[in-house]
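Q: Protein sequence lines correspond, in order, to chains D, H and Y.
Mapping of the first sequence onto the working numbering: residues 1 to 665, in sequence order.
Mapping of the second sequence onto the working numbering: residues 1 to 102, in sequence order.
Mapping of the third sequence onto the working numbering: residues 1 to 168, in sequence order.
Careful: at least some of the hints might be erroneous.
[To be verified] Distance windows between CB atoms, simulated:
#, chain 1, residue 1, chain 2, residue 2, range
1, H, A87, D, Y646, 17 to 27 Å
2, Y, S78, D, L657, 40 to 50 Å
3, H, H55, Y, S78, 49 to 59 Å
4, Y, D76, D, L620, 52 to 62 Å
5, D, L620, H, R84, 15 to 25 Å
6, Y, L141, D, A166, 41 to 51 Å
7, D, A629, Y, A142, 44 to 54 Å
8, Y, S78, D, W621, 53 to 63 Å
9, H, H55, Y, A156, 30 to 40 Å
Hints in this document: simulated from the structure, not taken from any laboratory.
Note that this is a predicted model, so its numbers are computed, not measured.
Glycine included, every Cβ here is placed at the ideal spot set by N, Cα and C.
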Amino acid sequence: MAEALLALIPAPALIGFALLLGWPAPLSARMEGRLGAAAAGGSAALALGLAAWLFATGSEAIRVEVAPFVVTGGLEAMLALRFDALSAVASGTVGVVGVLVVLYAAEFMPREGETRLRRLFALLSLFLAGMFAVVLADDLVALFLGWEIVGLCSYFLIGWRSREAAAADAARQAFVVTRIGDALLLAGIAALFARFGTTSLPELFGAVEGAWRGGATLAAGAIGALVLAGALAKSAQVPFHVWLPDAMAGPTPVSALLHAATMVAAGAFLLARLAPLTEAAPGIGAATAWLGLAGALGAGLAALAQRDVKRLLAWSTVSQIGFMFLALGAGAPGAAMAHFVTHAAFKAALFLAAGLVSREAGHERRLDRLGGARRRGPLGFWVFAAAALALGGAPWVTAGFWSKELVLAGALGAGPLGPALWAGAVAASAVTAAYAGRAALALARGGAPREGATDGPGAAEAAAVLVLAALALGLGPAAGPVAEAVGGAATPHLGAAAAGIGVAAPLAGFSAALLAEAGWAPRAPRLAAAARGGFGVDAIRGAVAGGFGRMVHAVSGDPLARGMHALAGGVPRLAATFASGAADGAGPRAPGGPEAWRRRGAERLARFARAPGDDLLDRLWRGVAAGAAGMGRMAGRAQGGRLRGYLAGSAIGAALLLLLGWAAA
Amino acid sequence: MSGAAFVTLIAASSGLFAIGLFGLLLRRTVILQLVSLELMLAAGGFAFVVAGARHGGAEGQGMFVLVLTVAAAEAAVALVLFVRLRALADSADSDAFDRLRG
Amino acid sequence: MTGWAALPFAGAALAAAALAVTRANAVHAVLWMLAALLALAGAFLALGAPFAGGLQILVQAGAIVVLFAFAVTVLDLSAEAVARERARIGWREAAPAGVAALAVLAPLTVAAVSLDGGAGGDVGPIGPAAVGRLLFGPWMLAVELASLLLLAALIAARHLGRRGEARR
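So here's chain D without its partners, still in its complex pose (with noise of 0.2 Å):
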């Protein structure tokens, strides 16, 4: 009985896909939306319906064969899908997480203006199959078909506008840098069955156990590699986060189901799936660890000099999942899909709340524009409110408190090094409290209603973004108990200063997003001022390369270039002293605040920029970037548009393949 229900569980997704795809007679609107809404809840029915039961009886995995998919030779990949702990809580929030975006992308979108939605809804049909199978399969083949077929859907829908040119290259590039994951992560899978003869997972790790536990090889670090690269780029982690961003161009909806819930959290899944085998090659866990951190500090820092609210959103997304991918390295995969399934919530519901905000501000997007927002469209202002508290890790009240505390544990259990991973573990904790509160507050600035921008939210979005926002306050008791379920065992507790330093940590983000909102910036036109400088970020930018400018000059040693630096900046800073002093009037803190800050950065900045003459450092830097032109002319000139010249190279390719095969023969 379970395992039918099991192998349904993509079924109705996938029949609405095929239904919205092929159905003969064009649809109403409203039809396609309902057509969408319906595949995606018959889904997350099932799939929540078969969670229940398992959690309920405590049964053990469940796994069903649902067909044969590829038998040539010694290959035989079975479509088998798996029902655990895993399992059941992904495809859980899978499942939730797309009904309540098809729901509101229904009413959101055709009031957008958008047409076309037939397209948009048999592709989020096909995404949401996709999904559930690389959450359920069992199998290393089924996995990566609908790793694939989400790689692909992703592709179509970042580039849902097809007639605006960034979109289309946002879409080109998120399909060239995770079609780099993908194949390492294929040359992954070839070498595992290259080596232990089977793609099915229990099996897999059955041999796993066998070979790798005794003494780790290089070819597990290898395989491991693989497999980590292709999870870092489909979850557009460092060093392949440079995606997600630009992956905004796509519609609001998307964004929110896509690139913030469920798919690019797809690669913490895999980590998670494939965690037995990943903990026993050597490495592989301690590089998890620091790139999830590495990804946690910097896009977290990104996020906040971000203008842009869905672009915040985004960094704040590369952010939160490298707090995943941290846990995850850790050896605490059950905190990662604890926060796995805390993410989905809070993020979507911001998603969808920026969505719902930015048009009642009239399509707006930049955040200095945002204000008012409460007094526009409420709805929207405070379930972004509420989701940003849980982004942020509010204490107690907000689920992402609860997961990001679990991370904080995992993070310290891991061995000698965890004490320094929770540390970074928790200064990003600090920074995402402050760009979350910076991003509410800019929204809660005064500033006067538009006219006209009377357009309130409609009764679908109003409840997918309140049940969102629930999900988003009230799972925190969830926490626990998945991170139990999923990691099989009990959560380690953290002593009581650790536990008081994660809570304070979120506490002092916020309160520096409210001081530097309220604080520094009594006046309206100071405030627009500092937001516009993201809260002092382009002056520590400034002061940074400064400082570098200057540490450049003292190396390379030339008292020339020296002296006309100190005569080049010293005009222009006696002209800001004074410039700077106008700004303020006769005000008590003339020399501070942010405004003097950027200026005095700008500065820096641009003395640094004309520095005169070419000294020894000057040279090498233009020689890396001559040699770079350089080298791309050269590769250019191989592509000359002549034919000999091609032939000529296969012909050499083939030779030295030739002799790679005699040599390996």
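Given chain D's structure and the hints, the job is docking chains H and Y onto it.
A: Chains H and Y alone, transformed into the frame defined by chain D:
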């Protein structure tokens, strides 16, 4: 077939392939490049037939038939392309068709 | 069938091929290619592969060479054009092409020599019946794919070769 004869004939087919490759790289006239290509394909078919004769199976000749099909399809499309290109660029020189450069 | 009987034909094919790729006059080149292909047909017959030999004569040396003969007619075959072509295939051009071809030939030859050189079974000729049973039995799918390929080539040739002004 004796082993020595087999090795000699396979080496001869490799030689034929290399001659074809040499011609492909040397010539600039499209039609002579196609002649070279035809020789390379024939070399592949030759190797199949030799191996089939060595092992006493019909598979060698079966593969030869498939290679022949490819050669025929290639020749038909390539020659019509050649005639077309000649009308376009008024040249039979493959180096004249270099507008697809990077 | 000792196999050695095919060797003279193979040698003739090699020589004819070498001439085919080095002739300045395109008609000569096509004729030498025809000679090489016919020599290969002889080799097939000597190897006890009459079906392959027949097909080689009918299709390779017949149909395909006829196509070439048609294509050659559009070439400029004046004495000046032939001289120009001869100037283009001097040592300067031949040397790099030869090096590349040798680079491919060397590992191929090494691989051929390291093949199983032991005594082989002396099998009789393999007639068309055996090949037919193979092609229309277990290899049905491959034959269907080949027919699809030929159909695609036919349509492509018809489409590309249609009359009409050549667009740049």
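Q: Now tell me if each hint is right for this structure.
A: Right, here's what the structure says about each hint:
1. H:A87 <-> D:Y646: 17 to 27 Å: 23 Å, holds
2. Y:S78 <-> D:L657: 40 to 50 Å: 42 Å, holds
3. H:H55 <-> Y:S78: 49 to 59 Å: 51 Å, holds
4. Y:D76 <-> D:L620: 52 to 62 Å: 56 Å, holds
5. D:L620 <-> H:R84: 15 to 25 Å: Distance hint for L620 of chain D, R84 of chain H is violated at roughly 52 Å.
6. Y:L141 <-> D:A166: 41 to 51 Å: 46 Å, holds
7. D:A629 <-> Y:A142: 44 to 54 Å: 50 Å, holds
8. Y:S78 <-> D:W621: 53 to 63 Å: 59 Å, holds
9. H:H55 <-> Y:A156: 30 to 40 Å: 36 Å, holds
Going through the hint list in order, the structure does not satisfy hint 5, though it satisfies all others.
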